[in-house]
Structures are given as structure tokens and as C-alpha cells.
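> Below, each chain spelled out in residue letters.
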Amino acid sequence: MQIIIDNISVECQEGESILEVALRNNIYIPHLCKHPDLEASGGCRLCSVEIEGEEFPKPACSTYVKEGMKITVRGPKADETRKMAMELILAGHPSECTGCPKYGKCELQSMYQFLGASPEHWHKTSKPVPDNKDNPLIMHLMIRCVRCGRCVHACRDMRGVKVLDYRHIKGEIRIGTKDGVSLADAGCRFCGACIEVCPTGSIMDQVGLITEETTYADAVVPCRATCPAHISIPEYIRAVKEGDCDTAVGIIREKVPFPHALGLVCNNRCEEKCKRGDLNDPLSIRNLKRFAAENDKTQSWKEKYTACAPDTGKKVAIIGGGACGLTAGYYLRKKGHDVTVFEAKKIPGGHMTSGMPAYRIPTEAVLDEVKVIEETGVKIVCDKKIENAAELKKDYDAVLVAIGTSVGKKLMYLPGADLPQVYTALDVLQAQRLGIDYDFGQTVNIIGGGNVAFDAAGTLVRMGKTVNVVCLEKDASQATPSERDAALEEGANLFDSHSNEAILAENGRVCGLQVHKINSFSFDPDTRALIEDAIPDSTYVIPCDSIVFAAGQVTGLTDAFGIELNKFGYPIDPATGKSEYTTSVEGVFAAGDVITGTKFLIDAIAGARDVASLMDKYLGGDGQIDEQLVERKADPHIGRIEGFAGLKRTELKERDAEERKKDFDVSSIGFTCEEGHCEAERCLQCDLRLNVSRPHFWSDFK
Amino acid sequence: MNSFNLEKERLEAYAAKEGKKLLVCEAVHPLGKESVWIDAAKDLIDSVEIVREKIGAEKALVLCKGDGKAFEDAAAGKAIEVKTADDVEYGMPFMAPTAVGRYLNGEQGYPCLDKPICTPDGELVCAFLPSAIIRLSGKLPETREFFVNDTNKVTVKQGQTWAEVAAAGGVAEARGVIAGFPDFDVFGEDELAQSFDIWSLEGDEIEAFDANTCITDVALKLITQCNDQTCGRCIFCREGTLQIKLTIQDIQNGKANMESYNLAVNLAKQMVHQTLCGVGTQAGKLFLELADKFGKELEDHITSKDCKALSCKKYITYHVLQNLCTGCGKCVDACDEDAIDGKPRFIHVISKIDCTKCGNCVSACPEGAIVKAGKIKPPGPMRPIPCRRKD
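Going down the list, the sequences are from chains A and B.
Position 561 of the first sequence, counted from 1, bears residue number 561 in this note's numbering, the numbering being contiguous throughout.
Position 269 of the second sequence, counted from 1, bears residue number 269 in this note's numbering, the numbering being contiguous throughout.
Hints may be right or wrong, so weigh each one.
Stated by the list, open to error - With a Cα cut of at most 20 angstroms, we get these calculated EDC-like pairs of lysine to aspartate or glutamate:
id	chain 1	residue 1	chain 2	residue 2
1	A	Lys617	A	Glu586
2	A	Lys162	B	Asp150
3	A	Lys178	B	Glu107
Hint data in this document are derived by calculation from the structure and do not stem from the laboratory.
None of the values given here were measured: they were computed from a predicted structure.
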């Protein structure tokens, strides 16, 4: 049907409100209590318009179109109503805008400036209301509230949570919880919809959550922003909650090709930023990823996942078949390039299959994920060590150096470090995982107190060895407590606050580690030399048959590799003097630990994505590697969950120490379906906020 | 008064609708008082039954506060359920079936846009006040109960005059009557001899006042009732009732001028049309009718600083009548402010500066020698002088 607004004839349909039709046709009608996603409440009367044949102005938000209706937006009667309504709203609102955190982004401010309204003729009715900053994540600064009811509608109708409502409080109407209880006690799900729809600065994110440094979306969904690969965490957790692990894995795979591996060993920095942590404990994001990967029955994502762009005719060689090399290889193959991955060891997977304990990340789990990559047509050549990247480049259009840091470091200044039974933690892990035979003897002393030391300890315990971990730090504080305790429970011995003097030998074979005890230690800030407060006369010997250094890893590269290196053996780009994706040889790229030093699996994968995009552009592609694999649902109506704020984090269960030390099977037990569902349900679903429409400002209209 | 046509229209619309319908009778007194309808439970229930059949509802629901036994007894054997709605946070906004619908859905009873609301069982909610139910049933009893000035329960016969009702309620020489909450109609002195149709009134409250009551006090009381009942959604109700209340207080305190008074009148005009339920609409209408019928009295306060009822403290002073004062000093003892000067057998004098107009001295004086005065002040000395009265 047709109606006429301000002499302009516009098309509309039955059931539409005058406001909807006007805004769609670029005709601005001021409005406040009506939000694009919410039902009109019809109380603010700022959208008053004159309708021919009607004696009094009508609210455009809640007056529905009729054939031939003639509407005047700014007629004298409508303007009188609108102006008085705005004056009355302002009468109950603090007069000072400066200092308000919403200044400049406030709908009310924008609108009263547009209307030129001021409350000076009216009684000032704004009463002091104390700010409530006691709730986690959400601040109530209700002195600014204009009772438009948008938060009430968002909380009740859009979300179905029913926490906020109009209340009679201290002789006036305010928005709040029933009986003024805390948001947590009222059943709030901290989804933030109320913040999103508030036109003033009355309901806001707690100070510090939204900053200028990050984009709004990153600030609202910090888990996704923190993940180096930006996996869409809330979306896959929602899929897990719905019991749809296939979709969850599809969402994860949009960013990373190793969901299961990450689900087992990722260092989950996302959890540190999880907003749920402000309520009680963060979501167990990593374990939900594992749960999804282990319950991905139909692999519905796979067809799209393995489909590649038409062949470009370009050849790419990747040196190193670890997470970085394989990830980059996958994306480059997807872009239609011919990819060959060269791996020095006998199986692909890098640290995943030879640098971490099998009881954390089983080889088959990794190889299953590698197989998917191979299905795209990536060729993997194992047992092939590339000696010179520059030489290799002559046969390929592009080369990626992704060899990681796969050589363990020994502290050669320690007397006896050159003895034959002195190994590194990597040697221990490779001995077990690749079946290499080393002479460890029965008792092994591990020097070092980080996570890798305890990885080696756990592995050696399972190999039937007696293990002593010797480190400077009290309680081996460098290691993650859970990883340390797991190894100690399994029977490893800890010699903390110990400093090493020498590795002792008898008949040319290691027989002990001479140590002394210390009270404390530090490092000289200039020379990085160790300064220790030793306990006098505490020197003694911890007997052993071999020594294992867990003192970090290096690239092991030399100039013979054909690209420029810094003094520590890391490739550099001579243009900047730093380790970059680009190297001294054009067309030879580098990524992963080999440029960053030993970092985490997710960092290697994130780096691989970046370098793949860069290399694709180098090869003439558009560098676009993002792909939507699966459809997702995001129901804004999240409903009530009793006791939501108090729902406890589900921790992963470990097998009994006495049991698990007997084999190399995964030591932790993945979530049951019930645990997975319960844990996923704890998610605040912060991302839903980004789906809430932004209201229209008058400046958006012509 | 006379929303009857609207109600009839609504009733007919409900009757024409397909599907399950639920007739609701809102016997919750809007001010949280015990309903007068308890005494007329049988009449009400009979009418509910008639209206229920008219719209074709299988069931009717009577919402009340407190003890619903009288209704239950009357409803025995009928398809009428009685539900005590003690958890209603404020009086259900009347003339807004959507508010009742929301309440039945477990929400607060506040009005939303006038579109049909169904119960969780899928019944369309048709809600009316008891008086409307009686009118719609067409079965009008000869008498009806009202509260006069809040507490005096009066049985009014069809055809009685306003003056008679006021007198029955304890106001013998009324100069005005207001058909009270929630539907206001104001009647001035010249209208009190008229008889009225008892079934034309929505509410069960009648406010009657005589020459000793200032119109500002009546206005303030009724507007405050509205302000207390506002659910907060409509700016013209929430802020409008508050602004008018503050303006009335300004009139009482000498702070109002004609500009602010006219602003309040203009506001009231907007309130009548720009709110979602009867609370805001009726508050606006009340103030407009007061301005119409008692405008002169209100304006006298503003322009002549005159309160003829001698009620607004700002416009009155207390005086000791020199021919009656015996200088006993009892007024001095009663005054908390030390505002009365005098000594034995001297005519006492009240300080205009220190007097807070509490009136304690008036009741303390055994001679009736202390009086209130408006514009015309009784003669008296500036400071205590020996008494003239020779007993």
C-alpha cells in the first residue's frame, strides 16, 4: 500500500509501523524508547507525528500504517508533544553531560541537540542514585536512566532472562532487579544486551573492558581476540552446547587445522581473558575443544574443507612438517598451489609427535589430522632433511622455512656436560616417541624446572626410570603447577632450590650431579649472570646414570642453510635486521618457532596462517584464506538458567597416578557428554551482543 | 466517566474474536484497599456470569486482593475462578487489559501497546473493572457502595445527589466533590444538588470537601495517588504526574507563578492523550477539571497569596486576640519554637518570623484566643501589653 509522509509517497505493507516505514525511506523521526530489535513500548512520545483526520498526535512507533494515510512528522502539534516529552525526559536526567562516559555516543544527547530542547521551565526531578559498580562486568549508573525500557525489553523479550524490570524504589520508578538483589542472584546471564541497547550511559561495561586500544568487537569478545588464530570461540561453544560437535569442529577448523591437538595441549590464553572469569572461573575452553574434536562423528565440514582452488601451476616447498609447516601447506594448497612438505623425521607432526609426551598428545590423533591435510593434495616427504633453503628455492616458486626449534640446548659451561650420557629433554621425548635407543641407565637427573623438564620426567617415569628434577626455583615455580604435580604424583623427585656445580663421572660414565642448596637467586640485570644466595657447606651429590638438560631449544641452523641468520641461529630479513616472515632470499619465507623462538602450538598455527596469506599474494593470489565451513545458529533468546552465575567450572579428570604411569595412553579423561554440555552452558555468549542492531542517529539521515 | 461506549466496543470486539477467551474482572482495588465489592459480591459475580456468556468465554477470573472468600462463595457452581493477586506490585493500571494479560503471564502488570494478549493457556484476555462489568451486564443494582474520603463506607442509592452522598460520608456542607481514583470527575458547588447515575462511575472512591479544605490539598492528594501508581513506562505519566505534583506544592508554598501554572495545564492536556493507560490520562483530566472548576481558587493562591480555607501555611498567620487573651502563658509552653512573647496577665504576641505555623498554640489556649488569619489580620499589639480583659 501507499502512504504519504511529509508529502512523499512511500510504499509499505500492512502491519508496519509509521516509524519503520519512515526510517526505511530515509525520513527521520526522532525516537528513543523504540530500538530496531525490540518491540515498541510507546511511552517516550518523541516519535509523535500528525495524521490527517486525527485530532491529536500519535506515536509513530506504535501506530500502524493504513492505506492512504497522510502523515506530517514535524507539524506544530506533534512538535509541541515531542518537545515537551523531551523536556520532561531531561527534567529527570542530570544536566551535566561532560564527565559522562557515554559523552559523544549518547542517543539522548544527540536527540536533545537535534530537538533543541531544554528542561529549564520544569522542576528538576533528577534524584541522586548511587552508582552500583558491585556487579561483575556490568555497571549500573542509574542516575542517568531515562526509563525508556529498552534494557527491560532486551532482558525480557529478546533474551528471555527476565532480570531487569521497572521497580518502585524509594518513591520513584527505577530499573532494577526484584527486591534489589545482585545481578548474579537475580539470575543474570551477563550477556550484555542491556548495555548494548541503553541509549544513555546508565548501564555500561565495567571500567576497563572497553578500551580505545582494541576494536569494539575484540573488546566485547576477548576470548576470540586473544586467541592468536582468532578461533570463533563463543560460536563453537554454542554448537557444543547444542550437542552439535560437527558444527563446532567446523567452526574451529575455519581457523586451525588441528582442533584435536589444540584441544589436548593448547596453553589456552583465551581462558585468561574469558569474561566468565569475572563471575567465578573462566570457561574450560581448551577442554571443550577436545570434547568437540573427540565427538565429531560425521565430519560434515570435510567436503568444503578439502576442496581446493583450481591449480595455479605454482610450486611451493615447505621445510619442516610440524604444525606451522603443515598449516601453511594446507592453506597454500587450498589456494591452488602445488605443495610439498619436507620433514626430517620419520613421521610428520613436529613437536606434536616428537617434542611433547605421548600421554598428552597421542601420535595417532595428530596423524589423523595430518591425513585430512594430505587429502587436499599436500605431499609430505618424511626422512628428508633439507640442508640449504636457497638451493631448494631454485626448484620451487616459493619456499617456507618452518623447522621450529628442534635442537635441545646443553649448558656446556657445566663441568662434565660433554659426557656421553648427557642428553636433552627433546632426546628423551624423541627416544620414546620415535623409538630411538639412548643409554639413560636407571636413574636420570633432569636439570631444569620448566614444563619441558616435567614432560621429560613423566616420560622417563613411564619408561621405568628413577627421575630427579633439579632446579633453582623454589617449588619449581617456572612450571605450570598442575603439570609439575602430575609428574611428582607419578613418582618423580623434586630437588628445588638447588644449584648445579658439576656432572661427575666414574670410568667415563656419568655417576652423579654435584649440587648445593640455595636460599634464593636472581639474575644480574646487565649481564644476566646468575647471582645466588647459597647455603654454606650444603654441597652434596645426587647420584645418577645420566643427565637430561631441560634448558631450552634452538634452531640448530648454520650459515650452510643458505639464508642470513642472527648470532643465535634465527633467520633474519636483512631489510629490518629482525626475524620476519621474509628472509634474505626472495621467495624464501620463514614462520613459526624458527622466527619467534619456542612458543606454543597455537602461535605456530597463527603464524602459518599469516605467512600462507603472504606467500599466496607473493605467488599472485589474493591472500584470502578465510572460509566459512558450516552454518551456525545464534538464538538471541538464551532464557533463564537458575544459579547461572554460580555454575562451577568443570575440570578435566586425570587418570589415577599409579595407573597412568604404567603406560603412554592419554593421562587425562575427556569430558563426558554431560560434562561437555554443562561446561558449554556456562558461556556468557558475549558474541551475541554484536548481533544487536545499532540504533539510528539523526545524523545518519539526509 | 462515560468510557461506557469504549467498553462496549471492546466487549463486542472480544465477542467477535475466534478462539478461547478469558473474562477477567479486576476487583483489585487500585489503591491496595479492601474492595467495596466484597459486600456486593453476589451482584458482581452475577454480572460476570452474564458478560462471560456475552463474549463466549468458557471461564471467568476474578482478581482480588486479600480474602477472596466472599467472591468464592458467590461463584460456587459457576465457571468463575477467584484468584488473590497479592503480588501485584502496584494497582493494575486500569483500562489496560494488556496489563492484566502481562500479570497473568507472570510479569508485572503494566500496559503495553494495545494489542491482544493471551494467557499461557492461549486464552485471549478480556479485562474490565467491576463497575464496567456491571454496566456491560445490563443488570444494574439499585445501590452501590463507595468510600467517601478514603474510609467512610457509604451505600448510595440510585438518584441521590452529590451533596447527600457527601453528607452521608461526613462532609455536611460540601463545596465540591470529586469522583475519585481511578477515574476522576470534578463537581463544583453549583453541581452538588444534581443527582447522578451511580453506575456511571468507574472507581469506588469519592472525595468530598467543604470550606475548610483547600483545593490544593485535595489536588495534591489525588495527584500523589496517581504518581504513586505510575508504572513508569510513559514519560507523560511518570514525569507528568510528578511535575504537576511539584507545581501544586509550589502553589501551596508561594513559589508558583502563572507561567508555571499554565505550563502544568498544558502538560495535563498532553497527558490526557499521550499515555498508554488510565493512570496518566486521568491524572491529566483531573488537573484540567480542577483548573476549570476551581481555577479561581488556585489562581488566588498564586496572584493574591490568598488561601481562603486558611490551610496553606505560607498564606496564613497566627494571632492572639487581644480581647480574649488572659495572659495565662499556656501557649508559650506549647510553642516548641519560642515564638510567643509575653508574661503573666500580658497579652501574648506571636512572632511572625519565628512562628512555624504548627498550630499547637491554638489547641493549648483555654480561651480560644488564638486564631488563623489570611489576608485580613485581627488587630493586636506589636509587643506584650497588660491584658484588657477583666474577669
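> With reference to the structure, classify each hint as holding or not holding.
Hints and how they fare:
no., hint, in the structure
1, A:Lys617 x A:Glu586, "holds (14 angstroms)"
2, A:Lys162 x B:Asp150, "violated (36 angstroms)"
3, A:Lys178 x B:Glu107, "holds (12 angstroms)"
Checked against the numbered hints given earlier, this structure breaks only hint 2.
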